[in-house]
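Colleague: Okay, here's what each chain looks like letter by letter:
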Amino acid sequence: MAKLLNYRNVADKVLLAQSKPGPGYMLALGLSVTLVFMAIGIWAYQVRTGIGITVMNNPVGWGIYITTFVFWVGIAHSGTAISAILFLLRARWRTTIFRTSEAMTLFAVLTAGFFPIIHIGRLWRVYYLFPYPNQRDLWPNFKSPLAWDMVAITTYLTISATFLYVGMIPDLAIIRDRSSGWKKVLYGLLAMGWRGSDREWKNYLKAYILFAGLATPLVISVHSVVSWDFAVSVVPGWHTTIFAPYFVAGAIHSGFAMVLTLLIPLRKIFKVEELITKRHLEQASKVIILTGLIVGYAYGTEFFIAWYSGNETEFDVFWYRATGEWAVTYWIMVSCNVLVPIPLLFKKVRTNLKWLFIISIFVNVGMWFERFVIIVTSLSHEYLPHSWGTISFHWPDFLMLIGSFGWFFMWLLLFLRIMPWIAIAEVKEILPPPGKDGKGGGTV
Amino acid sequence: MKSYKRRLLGVFADPYEAAHAIKALQRLGDCELEVYAPVPDHHLLDAAPKRFKPVRYFTAVGALLGLVSGFALAFWTAGLFDLFLSGMEWDATVPFVIIGFEVTILLGGIMTLFGLLIGARLPKFSNPPIWDPRLSEDLFGVGVDCKKGYVERFAKVLREHGAEDVHRA
Chain A
1 MAKLLNYRNV
11 ADKVLLAQSK
21 PGPGYMLALG
31 LSVTLVFMAI
41 GIWAYQVRTG
51 IGITVMNNPV
61 GWGIYITTFV
71 FWVGIAHSGT
81 AISAILFLLR
91 ARWRTTIFRT
101 SEAMTLFAVL
111 TAGFFPIIHI
121 GRLWRVYYLF
131 PYPNQRDLWP
141 NFKSPLAWDM
151 VAITTYLTIS
161 ATFLYVGMIP
171 DLAIIRDRSS
181 GWKKVLYGLL
191 AMGWRGSDRE
201 WKNYLKAYIL
211 FAGLATPLVI
221 SVHSVVSWDF
231 AVSVVPGWHT
241 TIFAPYFVAG
251 AIHSGFAMVL
261 TLLIPLRKIF
271 KVEELITKRH
281 LEQASKVIIL
291 TGLIVGYAYG
301 TEFFIAWYSG
311 NETEFDVFWY
321 RATGEWAVTY
331 WIMVSCNVLV
341 PIPLLFKKVR
351 TNLKWLFIIS
361 IFVNVGMWFE
371 RFVIIVTSLS
381 HEYLPHSWGT
391 ISFHWPDFLM
401 LIGSFGWFFM
411 WLLLFLRIMP
421 WIAIAEVKEI
431 LPPPGKDGKG
441 GGTV
Chain B
445 MKSYKRRLLG
455 VFADPYEAAH
465 AIKALQRLGD
475 CELEVYAPVP
485 DHHLLDAAPK
495 RFKPVRYFTA
505 VGALLGLVSG
515 FALAFWTAGL
525 FDLFLSGMEW
535 DATVPFVIIG
545 FEVTILLGGI
555 MTLFGLLIGA
565 RLPKFSNPPI
575 WDPRLSEDLF
585 GVGVDCKKGY
595 VERFAKVLRE
605 HGAEDVHRA
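Heads up: the sequence lines are chains A and B, in that order. Each residue of the first sequence is one higher than the one before, starting from 1 at the first, in my numbering. Each residue of the second sequence is one higher than the one before, starting from 445 at the first, in my numbering.
I should point out that these hints are in silico values taken from the structure, not numbers from a laboratory. This structure is a prediction, so every number in the text was calculated from the model and none was measured. Cβ atoms here follow ideal geometry from the backbone N, Cα and C, with glycine treated the same way. Just so you know, nobody snuck in bad clues.
These stretches of chain A come out as covered by chain B in the derived footprint (C-beta under 8 Å, 3 or more residues): (1) 6-20; (2) 141-149; (3) 172-178; (4) 199-210.
Straight line, CA to CA, 25 Å or less: simulated BS3-like cross-link-like pairs of lysine-lysine: (5) K354/A <-> K286/A; (6) K271/A <-> K3/A; (7) K354/A <-> K271/A; (8) K449/B <-> K494/B; (9) K568/B <-> K184/A; (10) K467/B <-> K206/A; (11) K494/B <-> K206/A; (12) K591/B <-> K494/B; (13) K449/B <-> K497/B; (14) K278/A <-> K354/A; (15) K347/A <-> K268/A; (16) K568/B <-> K183/A; (17) K206/A <-> K497/B; (18) K206/A <-> K568/B; (19) K13/A <-> K184/A.
Derived Cβ-Cβ restraints for the label pairs, each shown as a range: (20) R92/A <-> L472/B: 34 to 40 Å; (21) K591/B <-> G22/A: 53 to 59 Å; (22) D137/A <-> F528/B: 18 to 24 Å; (23) F528/B <-> R92/A: 54 to 60 Å; (24) R500/B <-> P385/A: 55 to 61 Å; (25) G531/B <-> D137/A: 23 to 29 Å.
Work the whole structure out from these sequences, hints included.
Modeller: Printed below as a string of C-alpha cells:
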C-alpha cells in the first residue's frame with residue numbers, strides 16, 4: 001500500500017531532485033549543452049555565410065525555422081493552460097503537475113523567441129521591432145503580424161515568468177529554511193523574506209487568482225496572433241478563418257503531449273509516483289483526446305471548405321498536400337495527430353504509461369509536421385503554376401531544430417535541479433493537516 | 445499609537461486549534477496578532493485579522509494603463525506615417541486591438557506583482573522577532589504583539605488552546 005503523504009514527506013520527495021546529481025543527469029545535461037553549442041556554431045556559420053545555406057528560397061521563403069518557432073510557441077501553451085485555466089476551473093489534478101508545465105512554458109517561449117531572430121538572417125536588425133524613440137524616427141508597423149507577434153510573445157514570456165516565480169515563492173521559503181550557508185542566502189533572496197504570514201498569504205492568493213485570470217486569455221490570444229501570421233496573408237491554405245482556434249487546439253494538443261513526455265520519465269527517475277500518479281497522467285491524456293478530435297475536425301473542415309467554396313486554388317493546395325511530393329508529411333501529420341491518439345479512448349491505454357509515452361512522442365512529431373505542412377506546402381504551391389517550387393534538404397535547418405531541443409532541455413534540467421519542480425505548498429494544501437500526533441496524511 | 449511589541453509565538457500542529465486560539469485572543473483584546481502557516485489554510489486565514497489587500501487595485505490600474513498606452517502607441521506611431529497602404533486607412537483600429545489587448549495584460553500582470561509585493565510587504569530583509577523554522581514545514585504559528593504585562597495571560601491562552609510550544613521574546 002502506498003505510503004500516505006504528509007506535509008513533511010512531500011517536501012522531502014520533491015527536494016530529492018536537489019540532491020547530488022547522478023551520472024544520468026550529468027550525461028543528459030552534457031548532451032543538452034553540447035547541442036546548444038552546436039546550434040550556436042551553426043548560427044555563427046549562417047551569419048557569416050548567409051541565409052542561403054538554409055532551405056529558404058523562392059517561392060518557399062518560410063521554412064524550418066518558422067515551423068520550429070510555431071512548434072515551440074505551441075508547446076508553451078499547455079503550461080499556462082494547466083496552471084491558469086485549470087486553476088480557475090478548480091481542477092485538483094493539476095496540483096502536482098502544473099509547476100513543471102509552467103517551467104516548460106517558460107523555456108519553450110525562450111526557445112521559440114530565438115527562431116524569428118535566426119530566421120531573419122541579419123539578426124542585428126531585430127531591434128527595428130522594438131518601439132523606442134530613435135533618431136531615425138522609425139517605429140514598428142503595428143498593422144504587421146510580425147509586430148503583433150513581438151508584442152504577444154514578449155507579453156506571454158513576461159506573464160509566464162512572473163506567474164511561475166510568484167507561485168514558487170512559498171516553496172523557495174521552504175528550501176531556504178532547509179538550507180544553510182550560501183544556499184540559505186540565495187534562496188532567502190529569491191523567497192524575498194517570505195514567512196507565510198496571514199498578510200502574505202491573503203495578498204498572495206488574491207494575486208494568484210488575478211494572474212490566472214490574466215494568463216487565461218493569453219493562452220487563447222497568443223497562439224491566435226501567431227496563427228494570424230499566416231491567416232492575414234492571401235496564400236492559399238493560409239487565408240482561412242479557422243486558423244486561430246485550429247492553432248490554439250493544436251498548441252494545447254502538442255503541449256499536453258510534451259507534458260506527458262516529460263513527466264512520465266521524471267516521476268520514475270525522481271521517485272514521485274505518489275505525487276504524480278497514473279490518475280494525473282490519465283487526466284492529461286483525456287485532454288489530448290479532446291484536442292486531437294478538434295484538430296482532426298479542423299483538418300476535415302479545411303478540406304471540405306476548400307472543396308465546397310469552389311475556390312480552385314484553395315482546393316488545389318489541399319489536394320497537393322494530400323497527394324503531391326510532400327504527401328508523406330501530410331499523412332504523418334494526420335496519423336500522428338488524429339489517428340494515434342484514438343486508442344486513448346480506452347482506459348487500458350490511458351493508464352499504461354509505456355503507451356502514453358509513445359503516443360505523446362508521436363503527437364509531438366505530428367504537430368511539428370503539421371506546421372511544416374502548413375508552411376511549406378502552401379508556399380510551394382500558390383496561385384501561378386510557373387512560380388511553383390519546393391525546398392530541398394539543407395542540414396543547418398534540421399540541426400538547429402535539434403539544437404533547440406538541447407536549449408530547452410538544458411534549462412529544464414537546471415530547473416529540476418535548482419528549483420522546486422512540484423508545488424510543495426499547493427500539494428500540502430490538498431492534504432489533511434498533520435494534527436497533534438503528526439500522523440496526518442493523505443493522497444493527492 | 446499602541447506600544448505593542450512581539451512577545452509571544454504560539455506554535456500549533458492543528459490549524460483548527462490555532463484558529464480557536466486566535467478567536468480567544470481577539471476576544472481578550474489588548475493585542476495584535478500575526479498568523480503564520482505553511483499553507484493557506486482557510487479556517488486559519490478566516491480567523492486571522494482582516495488585512496487590506498491592495499492587489500486588485502494595482503491590477504485594475506495596470507490594466508487600464510496598458511489598454512490606453514497600447515492603443516495610444518499603435519495609433520500614434522501609425523499617425524506619424526499617415527499613408528494609405530493596400531487601400532487601408534492609417535488608423536486601422538482592428539489590428540491595433542491586438543496591441544491594446546496584449547499591453548493591457550502585460551501591464552496588468554506587472555502591476556499585480558507590485559500590488560502583491562506592496563500588500564504582502566515584501567521583500568523583507570530581517571527575520572521576525574521570534575521565529576520557528578518549522579512554521580514553513582508543517583506547523584502553524586500565532587504571533588502575539590502585546591504589552592509586557594500581558595505576556596503570561598496570553599501565553600496561558602495559547603497553551604490552553606493546544607499550542608505545542610510557546611516561544612517568548
